[in-house]
Amino acid sequence: MEVNKKEESMAVSGFLLKERVLRQGAEARVYRASFLGRSSVVKERFSKKYRHPVLDRRLSDRRTLQEVRCILRCRRAGIPTPAVYFVDYTSHCIFMEDIVDSVTVRDHIASTQRRSDPSSALEQLVPLAAKVGRVLAQMHQEDVVHGDLTTSNMLLRKSQDPAELGLVLIDFGLSSVSALPEDKGVDLYVLEKAFLSTHPNTERLFQELLNSYVASSKKSSPVIKKLDEVRLRGRKRSMVG
Amino acid sequence: MPVVIGFEGSANKIGIGILRDGEVLSNPRRTYITPPGQGFLPSETARHHRSVILCLLQEALDQAALGPADIDCVAYTKGPGMGAPLVTVALVARTVAQLWGVPLVGVNHCIGHIEMGRLITRAHNPTLLYVSGGNTQVISYSERRYRIFGETIDIAVGNCLDRFARVLKISNDPSPGYNIELMARRGTQYVELPYTVKGMDVSFSGILSFIEEAANKMLASSQCTAEDLCFSLQETLFSMLVEITERAMAHCGSKEVLIVGGVGCNLRLQEMMGVMCEERGAKLFATDERFCIDNGAMIAQAGWEMFRSGQVTKLKDSWITQRYRTDEVEVTWRD
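As you go down the protein sequences, you meet chains H and R in turn. Following this note's numbering, the numbering of the first sequence begins with 15 at its first residue and continues without gaps. Following this note's numbering, the numbering of the second sequence begins with 473 at its first residue and continues without gaps.
Mixed in with the good hints there might be a few duds.
Coverage of chain R stretches by chain H, computed from C-beta distances (three or more under 8 Å per stretch; other residues unrestricted) [to be verified]:
{"no.": "1", "region": "553-563"}
{"no.": "2", "region": "610-617"}
{"no.": "3", "region": "706-714"}
{"no.": "4", "region": "747-761"}
To be clear, the hints were calculated from the coordinates, so they are not data collected in a lab. What you are looking at is a predicted structure, and each value in this text was computed from that prediction instead of being measured. The C-beta atom is built at its ideal place from N, Cα and C for all residues, glycine as well.
Make the full structure from the sequences, and use the hints.
Right under this line is the structure:
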């Protein structure tokens with residue numbers, strides 16, 4: 015059994031060798047490949063040489079498992095995420111649906127800001143911010159905590175009808191299942207910082223996102239309370255007042 | 473060709489440095505060292521700084537072979553840091569600026585680290601990891617601000633190391649972090665510890681509580697040695713730091729990393745960061761203890777940049793602040 019497993023995972027890495035690396039994230043290489051005739055992306059958590067082998071193994075095992083688990087949980091609840099086709103837990107590879115014809119929300123915001131003047135760009139982006147807030151509220155209702163919310167980890171399908179926003183959440187590599195408002199509050203805090211540092215002068219847009227989050231979820235008030243707490247915690251307080 | 477003198481004393485180090493256009497003319501420093509098992513308290517640290525600051529100022533001028541008439545600008549740390557030590561140093565800086573009739577510039581301590589790192593390494597536009605006793609931040613520059621992409625959501629990495637050192641009564645001379653680094657080199661067994669990364673943010677308080685609770689029990693039952701604990705703690709903390717730095721690089725599309733701050737002179741951290749950089753075709757920049765650890769030259773360098781771009785601090789604005797975020801400063805000296 016052990017031998018079989020090894021051979022199989024060697025087959026997977028051999029297969030990946032021939033494919034094109036799309037990008038290298040913080041803990042995985044992402045390839046574009048064909049899986050039984052479907053266009054797919056493969057996320058390979060390769061061994062990180064900088065960390066201790068015991069720690070490396072523990073993180074890769076746990077994160078691969080959590081990622082698949084949380085994607086499935088979201089999909090069951092109707093939250094758009096890529097379909098998982100195949101998982102190899104030995105080589106830590108996940109084969110999933112390629113969201114073709116899409117841009118990251120990050121690029122979309124940047125290009126909208128380039129195209130128009132600041133205030134009208136913000137105006138155009140309000141529906142998107144509201145949509146992100148709604149989808150995140152729904153995800154938190156399902157007790158999925160994404161763990162790495164950034165505008166790079168959200169895709170927008172290009173569609174005929176621009177009013178219809180096809181938002182897809184991706185990269186559940188640090189996700190977990192938790193019902194605690196604390197974890198959800200930190201999830202939003204992580205997004206807030208990534209959002210505002212990536213997209214300068216969009217405080218109003220992020221506020222729209224939060225408003226929509228609050229309006230879309232019955233369980234939101236303890237989460238927002240935690241978010242306020244996390245903002246004030248530790249070293250990141252500013253000396254105002 | 474302005475000559476700038478910088479005063480730093482936001483924590484247990486006090487330093488005065490003199491710079492002329494990127495050239496360090498002098499940079500003496502003193503450290504307030506407490507007995508093993510004890511941290512440094514604000515009032516006692518301030519008393520230490522008061523007792524050495526004038527000798528240090530004389531030393532800085534003598535080593536640079538300059539007199540007060542040669543100084544064009546006085547820079548001091550405005551914050552963040554401990555209140556009493558900051559006040560002590562600001563008072564002396566304010567006084568000499570008036571005695572010598574030169575302008576005063578209040579510098580953000582974090583910006584001092586960043587600008588000194590950039591000066592020494594010549595890194596162009598790196599992703600910055602700023603790690604010290606009071607701060608843990610992953611920073612990237614854009615549109616006139618050093619923007620914080622990731623940071624600790626509770627205690628700083630250096631604080632976690634220092635407090636662990638107190639549990640094991642590791643010596644604070646020359647610094648607890650350095651002694652942990654030396655002990656970690658002799659550790660062999662990896663003890664599993666909590667690992668908490670949230671996107672580009674990290675949390676260290678859980679690890680500290682775990683190890684504070686477990687350390688003495690594990691040592692008493694000979695499950696592991698103190699060296700093993702130092703080794704495991706470093707491996708875990710630094711893996712988290714390298715991971716969030718890499719995530720920020722992937723997010724920003726950056727190919728350079730610069731490590732600054734006191735913990736940044738840890739060779740194991742530099743080694744791990746180097747391996748990560750190699751894996752993704754990026755370049756690592758780091759400095760040694762002279763410039764990583766708090767010093768006066770870094771304040772002089774940031775002050776020089778600010779002074780050059782027309783920023784001065786009026787006497788009535790020359791106060792200090794314990795909380796002063798890196799991204800509050802408008803960077804007027806970079807494109």
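So, going through the hints one by one against the coordinates:
1. For the region 553-563 of chain R, the stated coverage by chain H is not satisfied: 0 residues place a CB nearer than 8 Å to a CB of that chain, which falls below the threshold of 3.
2. Remark: the region 610-617 of chain R is confirmed as covered by chain H, as 4 of its residues place a Cβ nearer than 8 Å to a Cβ of that chain, reaching the required three.
3. A stretch counts as covered by a chain when three or more of its residues have a beta carbon under 8 Å from one of that chain; for the region 706-714 of chain R and chain H the count is 4, and the coverage holds.
4. Check on the region 747-761 of chain R: 4 of its residues sit with their Cβ under 8 Å from a Cβ of chain H, so the three-residue criterion for coverage holds.
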